[in-house]
Amino acid sequence: MTRHHVSRRDFLKRTTASAAAVTISAPAIAEGAPGRVVVVGGGFAGATCARALKRINPRISVTLVEASHAFTACPFSNNVIAGLRELKAQQFDYKRIEGSGIEVTFEPATRIDTDARTVVLSDVARVPYDRLVLAPGIDIRWDGLSGYTEAAAERMPHAWRAGEQTLLLRKQLESMEDGGLVVISAPANPFRCPPGPYERASLIAHYLKTRKPKSKILILDAKDAFSKQSLFLAAWKELYPDLIEWVPLSKGGRVTSVDPSTNTLTTEFGSHKAAVANVIPPQKAAHIAAVVGAANKTGWCPIDPVTFESKLQENIHVIGDASIAGGMPKSAFAANSQAKACAAALAKLLAGEKPEEPKLINTCYSLVAPDYGISVAGVYEPRNGQLTDVKGAGGVSPANAPRSARQLEANFANGWFKTITEEVFG
Amino acid sequence: MTARALINVPPKAKRGEIIGIKSLISHEMETGFRPDATGQPIPRNIIKEFVCTYNGVEVFRAEFFPAMSANPFVSFTTVANESGTITMTWTGDNGFFATESVAITVE
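If you read the protein sequences in the order shown, they are chains L and C. Using the numbering used here, read the first sequence as starting at 3 and increasing by one per residue. Using the numbering used here, read the second sequence as starting at 415 and increasing by one per residue.
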């Protein structure tokens with residue numbers, strides 16, 4: 003047996019050669035069968051994922067299936083309700099996405115043939131896939147609150163899917179007389195945008211304080227605790243003393259039924275007749291998730307925390323609000339973060355490689371007033387089969403910060419919205 | 415240690431009607447098993463008993479134990495047979511006592 007003395011230089015040469023061989027083989031696979039991905043849902047999660055896939059590997063065929071030609075963003079829609087912003091500033095189209103090599107099909111997905119790996123559209127057109135990404139967002143659980151039907155939502159808007167409902171709530175507030183009672187009903191966890199009901203109460207309070215100062219806001223809550231609670235409560239005391247009353251679960255705050263004919267919300271212990279009623283009802287993953295069998299009995303979709311693949315349906319990945327993402331809240335930032343991680347995992351899976359464990363980030367800004375922002379941030383990683391909050395990472399805005407810091411965070415919030423919408427739709 | 419009780423009894427009922435009664439009391443229900451910052455167990459502080467009487471006659475009783483959640487919510491039914499007063503009492507550790515009464519008219 004001969005022994006070779008491997009010089010440092012030879013060793014380096016050989017390593018470089020083998021590394022080169024690996025990098026050459028990746029495009030070779032891509033040329034053969036890079037794969038077809040269909041993304042259902044063109045919100046923050048779906049649109050991000052489609053674009054991220056194209057960016058990672060332009061040879062992957064990506065189809066985005068979305069029922070609507072325009073997307074109306076929920077973040078900042080509370081500003082529209084409070085008259086601080088127009089709905090137009092929330093709306094985005096898909097032209098730039100179509101221009102980036104992604105096929106966009108403006109039809110709703112009616113069902114999915116998992117055996118044939120095909121998405122069935124409304125006019126019986128079919129789109130085949132190797133991997134499917136479901137990013138359908140939420141639906142209202144119309145069976146979740148007694149008396150709260152689709153017709154009732156025309157009288158007592160939820161405004162939890164931005165658009166006509168947002169404008170309806172705004173109009174009701176505008177036509178309310180000074181001295182009116184605004185009642186907001188907040189649901190139990192989980193639901194889209196955990197700090198949303200409290201930001202909304204804050205910005206409505208800002209509107210009432212400046213326009214209709216004799217009015218009051220009553221929040222009837224099915225929970226005893228909520229996101230950024232101590233920051234909100236302190237800010238309300240400072241900015242809107244005696245204007246907002248929060249009734250938690252343990253004080254009888256859970257709404258058990260509503261009556262749109264009298265605009266009344268009933269809890270276990272009393273009834274409240276509202277001048278304006280904003281019912282934020284229980285929610286679930288949007289309909290298509292249940293149709294394909296990706297939602298479990300909670301109404302949401304269990305997923306693998308590394309690949310976002312459904313635990314119930316092979317080759318189907320679920321991201322955004324519809325997924326059960328462990329410690330991650332249902333937010334646009336989280337959806338965007340998950341979409342990029344999912345795209346990276348999909349590119350690996352399609353190439354026959356092992357996906358890497360992702361680290362995900364979320365930040366939720368809330369405005370308590372137009373010039374008063376607060377935030378919560380978190381970092382998440384897969385642990386024990388769940389996306390888990392990394393201890394010591396992230397945190398919330400400091401208590402007792404000067405107003406200049408709150409102003410700065412309000413600026414950051416605006417900057418964040420511009421950045422994310424530019425990245426996703428621009 | 416302050417408690418606030420909420421009760422819900424229909425103000426009117428027909429004779430023989432089955433009525434729903436709900437109660438909710440704010441109480442931390444400390445189990446006695448949790449350690450404090452120094453490692454010493456936090457003393458138990460729970461509601462031990464809930465009793466509902468209808469014109470002095472007991473119609474419902476519940477015993478609570480350390481596994482009971484904070485702010486216990488109790489819902490039950492009884493038969494409305496005469497006008498009068500429905501009284502609920504909660505008793506527990508450290509001499510805890512709370513009571514609420516409400517009138518009911520039976521036609």
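No wet-lab data here; the hints were simulated from the structure. Incorrect hints may have been included.
Pairs of lysine-lysine, DSSO-like flavour, derived with a Cα cap of 27 angstroms [to be verified]:
#1 L:275 - C:462
#2 L:275 - C:426
#3 L:361 - C:436
#4 L:173 - C:436
#5 L:239 - C:462
#6 L:225 - C:462
#7 L:214 - L:173
#8 L:225 - C:426
Hints, one by one, checked against the model:
1. For the hint pairing residue 275 (chain L) with residue 462 (chain C), the CA-to-CA distance comes to about 36 angstroms; that exceeds 27 angstroms, so the pair is violated.
2. Distance hint between residue 275 (chain L) and residue 426 (chain C) is fulfilled; the C-alpha atoms sit about 21 angstroms from each other, no more than 27 angstroms.
3. With a C-alpha separation of about 46 angstroms, the suggested pairing of residue 361 (chain L) with residue 436 (chain C) is violated against the 27 angstroms cut-off.
4. The straight-line distance between the Cα atoms of residue 173 (chain L) and residue 436 (chain C) is roughly 37 angstroms, outside the 27 angstroms bound, and the hint therefore fails.
5. Proximity of residue 239 (chain L) to residue 462 (chain C) is assessed by CA-CA distance (about 36 angstroms); at most 27 angstroms being required, the pair is judged violated.
6. Our distance criterion of 27 angstroms between C-alpha atoms is met by residue 225 (chain L) and residue 462 (chain C), whose separation comes to about 25 angstroms.
7. Among the hinted pairs, residue 214 (chain L) with residue 173 (chain L) is consistent with the structure: their alpha-carbon atoms are about 14 angstroms apart, no more than 27 angstroms.
8. For the given pair, residue 225 (chain L) sits about 31 angstroms from residue 426 (chain C) by alpha-carbon distance, which is inconsistent with the 27 angstroms threshold.
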